[in-house]
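S.K.: Put together the whole structure using the sequences plus the hints.
These protein sequence lines map, in sequence, to chains A and B.
If you're matching positions, the first sequence starts at 1 in our numbering and goes up one per residue.
If you're matching positions, the second sequence starts at 1 in our numbering and goes up one per residue.
Incorrect hints may appear among the rest.
To be verified - Here are the simulated PhoX-like cross-link-like pairs (lysine-lysine), alpha carbons at most 25 Å apart as the crow flies:
| hint | chain 1 | residue 1 | chain 2 | residue 2 |
| --- | --- | --- | --- | --- |
| 1 | B | Lys470 | A | Lys306 |
| 2 | B | Lys115 | A | Lys306 |
| 3 | B | Lys470 | B | Lys448 |
| 4 | B | Lys60 | B | Lys17 |
Honestly, the hints are just simulated from the structure, not real lab data.
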Amino acid sequence: MKVLMFGWEFPPHITGGLGTACYGLTRGLLKSGVEILFVVPKAYGDEDSRYVKMVSASDVEINIKEKLFQEYWKQITYLEVYSNIVPYLSPEEYDRIINKEEFAGSDSQESIFSKKYSFSGKYGSSLMSEVARYALTASKLATENEFDIIHAHDWLTYPAGIAAKSASGKPLIIHVHATEFDRSGENINQNVYEIEKKGMDAADKIITVSNYTRDIVIERYHINPDKVVTVHNAVDQIANIERLEYKRHLQEKIVTFLGRVTFQKGPDYFVEAANKIIQKDKNVRFVMAGSGDMLYRMIKRVAQLKIATHFHFTGFLQGDDVLKMYSLSDVYVMPSVSEPFGISPLEALMSNVPVIISKQSGVSEVLRHAIKVDFWDIDAMADAIYGILHYKALSDVFIKYGKIEVDNLKWEHVGFKVKGLYEEMLY
Amino acid sequence: MRNICFYFQVHQPFRLKTYRFFDIGANHYYYDDYQNNYIMNRVANKCYLPTNQILLDLIKEYGTRFKVAFSISGCALDQFEMYAPDVLKSFQQLADTGCVEFIGETYAHSLSALKNKDEFEYQVKKHSEKIQALFGQQPKTFRNTELIYSDQIGAMVANLGFNTMLTEGAKHILGWKSPNFLYYNPINPTLKLLLKNFQLSDDIAFRFSQQTWGEWPLTTEKFVDWLNNVDQKEEIINLFMDYETFGEHQWPETGIFEFLKALPGKVFANSNYSFVTPSEATKKLQPVAPIHVPYPISWADEERDLTAWIGNELQDQAFDTLYALRDKVIQCDSFDILKDWKYLQTSDHFYYMCTKWFSDGDVHKYFNPYNSPYEAFINYMNIIADFTIRVEEKYNNTTMSNQDVQKNIEQIEIKQTRKQITSNTQTEDNRFYKIDQIIGFSDIKTKKVIKDCKPEVLAYAFMDMDEKIKEKFMKNITVRDLKVVKTIMENITKVNSSDITESRRTIENIMAKY
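M.R.: Next up, the structure:
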């Protein structure tokens with residue numbers, strides 16, 4: 001069985017949850033013996049490049065000696081398509097960045113608060129036209145390659161999936177990692193919504209990463225419930241081995257928020273809850289790790305509340321710094337307003353950090369040993385943080401049983417489940 | 001005879017390095033040495049050295065007819081000593097001419113006048129001491145950071161023994177009055193006020209090279225014409241500016257150096273003006289009226305107020321957090337803490353957090369090492385968090401855990417040993433040996449020396465020791481002693497070079513016994 005998969009990001013360059021999930025899922029599928037033709041958009045910075053590039057294991061800068069990667073590469077065919085589309089950006093943000101690049105050249109200043117997206121090349125006047133162009137490439141790919149099924153991840157690749165389906169006549173699965181309602185609340189971008197809706201209508205099967213998202217798909221996009229299946233994400237077990245211990249230099253307990261500082265992640269509720277605790281207990285430090293369009297507002301708010309002595313910002317963290325941040329933390333809080341899944345609490349648990357998660361998250365469906373609060377309920381959030389910090393029994397229990405739960409969330413299980421869906425559709 | 005009073009501000013802050021959350025509690029060094037060294041040397045070569053030379057030549061040429069005044073912040077003086085001693089020397093040459101007045105200010109170029117009277121007085125005193133030590137003058141004229149002034153601040157300054165103070169001739173305090181007279185403080189009339197003529201000052205400091213300015217290019221003829229056009233009854237033109245105007249803000253290519261070289265000659269030839277220092281002006285002129293300044297003013301930006309440094313949420317929290325520490329800081333008996341306390345007060349750190357980017361954005365951006373005020377705030381608050389921990393630790397021993405108490409006792413013991421070392425060296429100052437001569441000692445003798453040394457002494461002496469000498473010690477020390485020495489070395493967090501020297505002297509004294 002061979003799958004044409006329109007995915008995102010590839011190790012070692014993973015910058016967010018979508019890339020992590022794609023990578024995990026493909027590994028799980030490979031373990032179940034599924035062959036994959038993995039297509040990824042990528043800006044080469046080389047205008048003469050062919051429209052699609054086959055990448056071999058030797059081109060990738062990862063430690064190929066690692067057995068896992070070797071097996072991975074044996075079964076996967078990895079294609080890079082020249083495109084400027086990037087995950088985690090709204091059309092508006094995309095416009096802003098492209099325009100800035102045009103005016104400032106490629107010499108935009110590096111800041112600890114900005115994740116740098118590299119854009120180069122001649123295309124990309126708007127995100128929408130890039131998405132359409134990517135779809136064109138996809139239909140060409142579909143006629144040139146042999147496969148049994150099409151699998152597309154998130155809205156930017158839905159048009160590619162639809163195009164591949166009409167070119168080949170093969171069944172299409174779309175995988176919903178997030179919807180426009182998660183990203184923008186009620187003020188959705190109508191164009192994005194329409195692309196999502198078209199993708200869902202054209203799909204033969206829809207995979208959602210949680211029941212929370214499944215409900216949104218059914219209610220907001222009016223999709224027949226029979227077509228929508230939940231397959232929860234898992235978590236990368238490798239991180240477990242790589243976990244490092246860092247020396248703590250601070251005596252105070254540390255409460256961490258780690259993620260994009262955007263509306264969707266609910267950073268403002270974290271600040272308000274922090275304020276409540278700092279008023280009562282000065283023996284705590286709060287850390288907001290990450291960057292995003294709400295960061296400056298958060299910094300201002302922290303100064304306004306006069307809690308900056310106990311509330312710190314790190315900017316965007318990557319790689320080892322993320323693990324370091326987890327290992328320094330006593331509680332991890334994910335107050336997301338709307339989180340289709342949310343892998344980060346699982347990663348925190350693997351670093352032995354108890355977590356508090358919002359009820360409006362997919363991950364709350366798979367974690368029983370975590371405190372769950374409504375994102376807007378800052379009193380409950382403050383209560384929970386205080387409890388975990390002060391009652392050791394509570395945090396011990398959460399760490400112990402939470403970890404067991406996390407250990408059972410394996411990508412091979414996810415792969416097995418998804419393979420089952422493929423089979424259902426084919427036979 | 002009418003008067004021109006030239007006054008230049010010289011200041012360089014200790015810029016802070018990128019200090020991340022992970023550094024809090026782990027890393028207690030806050031300064032960007034590379035930047036500070038680099039900028040100091042750049043400005044020294046572009047501005048301080050060449051301009052000092054020009055002033056020196058002018059004084060040579062015109063004798064006591066040409067005079068200027070400087071206010072050099074303590075931070076700048078410290079950095080001269082660290083990075084550019086030749087600049088300090090050239091200022092000292094200027095001081096020796098007798099034509100240059102050095103003005104008092106706060107040591108750290110701080111905003112303490114707005115927050116804490118005691119701290120303000122302490123810093124002014126420290127700065128005066130430094131000026132006295134370096135230039136042999138006791139400042140009688142004062143200028144507060146960025147010319148910040150109010151009636152209250154003036155009264156404080158008068159109480160500290162100053163008789164003249166400089167400030168901005170801000171339109172909103174002067175109204176119809178002219179800045180070109182001597183005024184006085186309404187609370188304490190013994191304090192005379194010299195007000196900056198911002199029109200003529202800024203013609204040189206800001207507009208000199210602006211080609212869009214209608215009067216560009218500015219020549220000395222034109223400038224002296226303007227001076228002559230000033231009403232004959234008006235007595236003094238105060239030209240106050242950043243010293244870095246010459247060569248740094250206005251590049252040499254703009255002709256700023258030639259302008260400065262030619263100006264005194266043109267003034268003497270074509271006008272009835274003469275040059276005075278601020279204290280001479282006070283002696284020479286009669287004050288005409290009090291100036292009422294109920295709310296602080298400064299020389300910054302269009303508003304001439306304090307909003308460049310305080311007022312937004314970020315600045316206010318940083319400012320309040322810093323000064324809340326003062327009571328504890330002054331009780332800390334630690335050179336390092338007091339040093340950081342001074343440098344963290346420098347007004348520039350708050351200036352970087354300014355969010356009113358639009359009207360005066362260019363000037364702000366030019367001086368700002370951060371991409372945004374938010375980054376400046378975060379960096380500063382991280383450092384303050386670490387500084388607070390250090391201050392609390394030093395100040396407050398009562399909340400320590402058992403382990404910490406143990407550690408503290410050990411530290412105190414080490415201190416006591418150090419004291420003994422000091423007293424030893426005082427009595428036996430006739431040394432026969434140098435520590436490197438231990439290499440010539442037999443192993444038996446070396447062992448005896450080591451046996452007579454306290455492990456603390458060895459630990460300090462081993463710091464930065466030449467490998468060959470250290471090897472000699474290592475060869476002869478017992479495993480048990482070595483272990484003790486190593487633990488002590490690990491517990492030593494800060495070493496002063498004086499400790500090392502003292503410890504080595506003690507060993508040298510013991511060597512003399514054998």
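S.K.: State for each hint whether it applies.
M.R.: A quick look at each hint next to the structure:
1. Lys470/B with Lys306/A: 52 Å, violated
2. Lys115/B with Lys306/A: 17 Å, holds
3. Lys470/B with Lys448/B: Holds: Lys470/B and Lys448/B sit about 16 Å apart, inside 25 Å.
4. Lys60/B with Lys17/B: 42 Å, violated
The structure fails hints 1 and 4 (numbered hints given earlier, in ascending order).
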